[in-house]
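Peer 1: Residue numbers (the numbering used here), protein chains in the order written: chain V, 1 to 320; chain B, 1 to 305.
Because the hints were derived from the structure by calculation, they are not lab data. One thing to keep in mind: the hints can contain errors.
[Said to hold, decoys possible] Facing chain B, a subset of chain V residues (Cβ under 10 Å, in silico):
no., residue
1, Leu30
2, Thr86
3, Val115
Here a beta-carbon is modelled for each residue, glycine too, at the ideal position from N, C-alpha and C.
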Amino acid sequence: MSLLEVRDLKTYFHAKEGIVKAVDGVTFTLEEGEAIALVGESGCGKTTTALSITKLLPKEGHIAGGDVLFNGVDLAKISHEKMRRTRWNDISIVFQGAMNSLNPVMKVGDQIAEVIMLHKGSNYKEAMQKVKKLFELVEINSERMNQYPHEFSGGMKQRAMIAMALACDPKLIIGDEPTTALDVMVQAQILNLLEKLRKEMNMSMILITHDLSVMGETCDKAAIMYAGKIVELGSVEDILEKHVHPYTEKLVHSYPDIYGNREMISSIPGSPPNLLNPPTGCLFHPRCEFAIDECKLTEPVLREISSNHFVACHVRGGLI
Amino acid sequence: MVDPNVLQPKPEIKIMGKKDVHLRKYQQIIAIFKSNKIGMFGVSIFVFFGLVALIGPLIFPYDPLQIGSGDEVLQSPDSTHWLGTDDLGRDVFAALISGSRVSLGIGLLATFITMVIGTLIGISSGYIGGKVDTILMRFTEIFLVLPWLPLMLVLAALLGSSIWNIILVIGFTSWSSTARIVRAQTLSVKERQFIERAKAIGANDFYIMYKHVLPNVFPLIFANTILVSAVAILSETSLSFLGMGDASHPSWGMMLHYAFTSGAASVGAYWFLLPPGLCVVGVVLGFTFLGYAFEELFNPKLRRS
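Extracted from the complex, chain B is given alone in its bound form (with noise of 0.2 Å):
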């Protein structure tokens, strides 16, 4: 006869609390994302883009719409027009700080339906396989092959340009390599024992799909996610300098399209131009970065020692 309390902790010794475990994997994983440079440079330019967007309409409250006098048409910075005025005499830096909240939250929530739509039809199309899968998948090739930029520019003028027409738009454009990314990691994880277990033990498909495959594809979904908004706050800035924004609320492509339409290149009024550019710039590179430090993140394989 085998001892059985072999495998029961003796008293003496205090199992580790909740919170203390908790507390101890936020650590390490703050410890890891820490030392990934490239990751915490992304995190600043989120963070710093992130206030910028929620609390810098508050403390400078300047209509960026209002129009100023003809003497204070594209004029070069100076104390009172901190990034000077563009061809209509507006202060650029109020453009530039209520742009910030169109652009990125254009940006997030045209991501949010693209991780939805995408993860439905991977994870449907993973899972079920077979004519469903066929059929997804083709659809998905589809989205793929079809050149984005042409196809969202029909779209949105079919549509109108308003707010909420361009995140549409690009939400239901660019979800086909999510679907396809998530597809192929429900194929990996439906071959797993656990899923067996699950179908044995009596649960449906819709069950297992929502309960177990779900939590497995979760991580990739989210690392996803981030390189996505880089991508939908590009395709924003690219609809609306191409004319598609919403006049009423101005964003970063929407300064860029006014910019380029009167010439500011031209007679050298680099102040109207550049910041919007740089805007966008540091934007998505800084979700390009951050979403490759969570992908180091929840991939240990990639991981450097």
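In isolation and in its complexed conformation, chain V is listed as follows (with noise of 0.2 Å):
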């Protein structure tokens, strides 16, 4: 059994215009240790499959339809009381801007302690032990523990939210874009630390990025999100390499390769559809150059084009 199996997922928000399918039946598999990356442009999806796993939608949004099975637990029908106990126990979040993830006016370590208080009912000074290990885990001096957030730089900050993340010890993590707006560097150190405590303590994790060589440089699969659909699912090497749908191409084209020649980079043309009115078939036809008639009509399913790799497209999916 996967530790995690999302099935079909819908998740629609009821906006005054209409109803937004911001995620419209992805379906993916996570096995125990693995690692998948969520990735797409702003807007296609990520956050919300991520926030619908964890049950954290706004007001706005619900599930729809669709399972999310959690060691063979549907998280989409279980109430939200149960999910507040398996939250952070099971599933941890590593929040997009750690920069405001953290109350100013509360010492990093309480902040920290509060979640073990909460989950694992231990006292303060366990608690504080347990912190202290955790600030040594990702690498935080901990005299820190007894600063406040604004005495941390941005680097550390984030640090802290992956010791929060990691604080109940639980076994799927899902980092929200957590190195943007960190510098390459700084980026560069968190990645490895995620990847290095990932490794040590065989946790699963759900990466959501827009970032290419993040997701090459720490996940095992990954999924091509568009407009609330998954258009590609393979290994990062696939992906990377043997991609086949024509989004992904663009995609992988649009960022520089650091071995080639030196030209302009190649840019999508068009924008991401409108999910209130979105177009019929593909939705990815308006902007791409191969589409056929067939995709202005019925829209394509997944299929494995190899083992492992799945593609929804008319014209390149039934190729090869």
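Hints given; two lone chains; assemble the complex.
Peer 2: What follows is the structure, encoded as structure tokens:
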């Protein structure tokens, strides 16, 4: 049994103008100790997928269908109270923008201790001992436990957030763009740290990112998302080297190649579809140069083109 | 591979001790406060009246209620009665000093009640939102638009005029503006990301309100407390002046009431009328100055460079 199995997950938002299908039929599995990246443009449903798994959706959104099986338990159907206990004990999150995720008027150590006290029922002293260990784990001087967030640098805050995510020894950790807004050096440190800890503790990870290099560095497999759907799913090598879907191809080619010739990088023409009024057929067809008539009419489904490599495309999916 | 030593402090650099850091912070705060002249003026007034109320009655242990003999009525100030006597021959100076305790005591206790109610309603309303917010805010608005003086008078008359009733009446009628201010700040704090993070780690609403929202709105509550104190002392004076005070514990307002009813102004007994009036003005002014100074301290945007 897989650790996490997301099947046909649908998350809809009710806006004044209509229903927004932010996540529409996402399916993937994650084994123990494996890392998957959810990659795509802004607004393609990466974060919403993560929020659906953890049931932290804002009021306007709800899971309209599908299953999220975690260790065989369907998280989409359990009560909020039960989810409140599962969250952090089994699944934890490293938030986007750690800068703002710490309460400015509370000591950093206390904020991490808070998690341990809430979930493990330990007293303050025990919790603080655990915090000390966590600080050492994420390579921050444990004397800094009694400092306030403004005394931390950006990278240290992100490390503290990772410590917080590890506080209850979760099986799955969700990184929602954990390195955005950090400079490249610190980014590398944080990613190496995450990678190291993940291997040591045999954790699984869902990494949400729009950065293909981050994906290539840290993950085993990747799901490329477009407008709320997965368009290509495969190992990181498949995605980077043997990509099939035209969108993946454009995405990969919009990154400069440091070994290649110095030339202008290509971008993807057009803009992501308005999810209130999505195009018919394949959602990518208005921006796709290979589109045929079929693309405008029917929606392609994910097909396995080689072992564990799935693509949803009429043109390319059938050719190989 | 990035050198993991980069973030670790080098051994030869001594990290500033906790005590040093705290000391430095307090010194900074005091320096900011000292540079604020209005604030320092407020502090001196506050300290002066605080000392008078705390140790004044111990140094001048005269009974303010002791009625003098017939020739002591409405005496002008002299060496035995420093501020003269009132229409019953009671010593005005003694009354002024014991009145400081009553006035400040009622003011501060009423402020405490005000702040507790205002904070509770403000944070619940702002944080929970929705219907709770609507109901609590409409309720607050009722208190906001009701003319407070007649309301206090009616309540004081209904409950009877004891010190505790006056404290309760002032406390329960003046929380509305505090509630609105606290709610506004709560609305802004609850949208911050660490609240979402607290929810994600499984904290319940009560815990978040108490542990995360309250400390973040506290500076505002504190600055507001001082301004509310001024209003509460003024309210007590008004109530007492209008005859709703507790006769066994004469406050400054009661003194003004007696002075007014006995016609002190028309017989030229300024020593009876002026001292309590000046004291009230002084205390209210001091609290107001102090309040603004604290607001400036907590909100660096208001500071002039």
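Peer 1: Compare the structure with each hint and give your call.
Peer 2: Tested hints:
1. Checking V/Leu30 against chain B: minimum C-beta separation of about 20 Å lies over 10 Å; hint violated.
2. A hinted interface residue such as V/Thr86 counts as satisfied when its beta carbon comes closer than 10 Å to some beta carbon of chain B; here the least separation is about 9 Å, so the hint holds.
3. With a least beta-carbon distance of about 5 Å to chain B, the hint placing V/Val115 at the interface is held under the 10 Å criterion.
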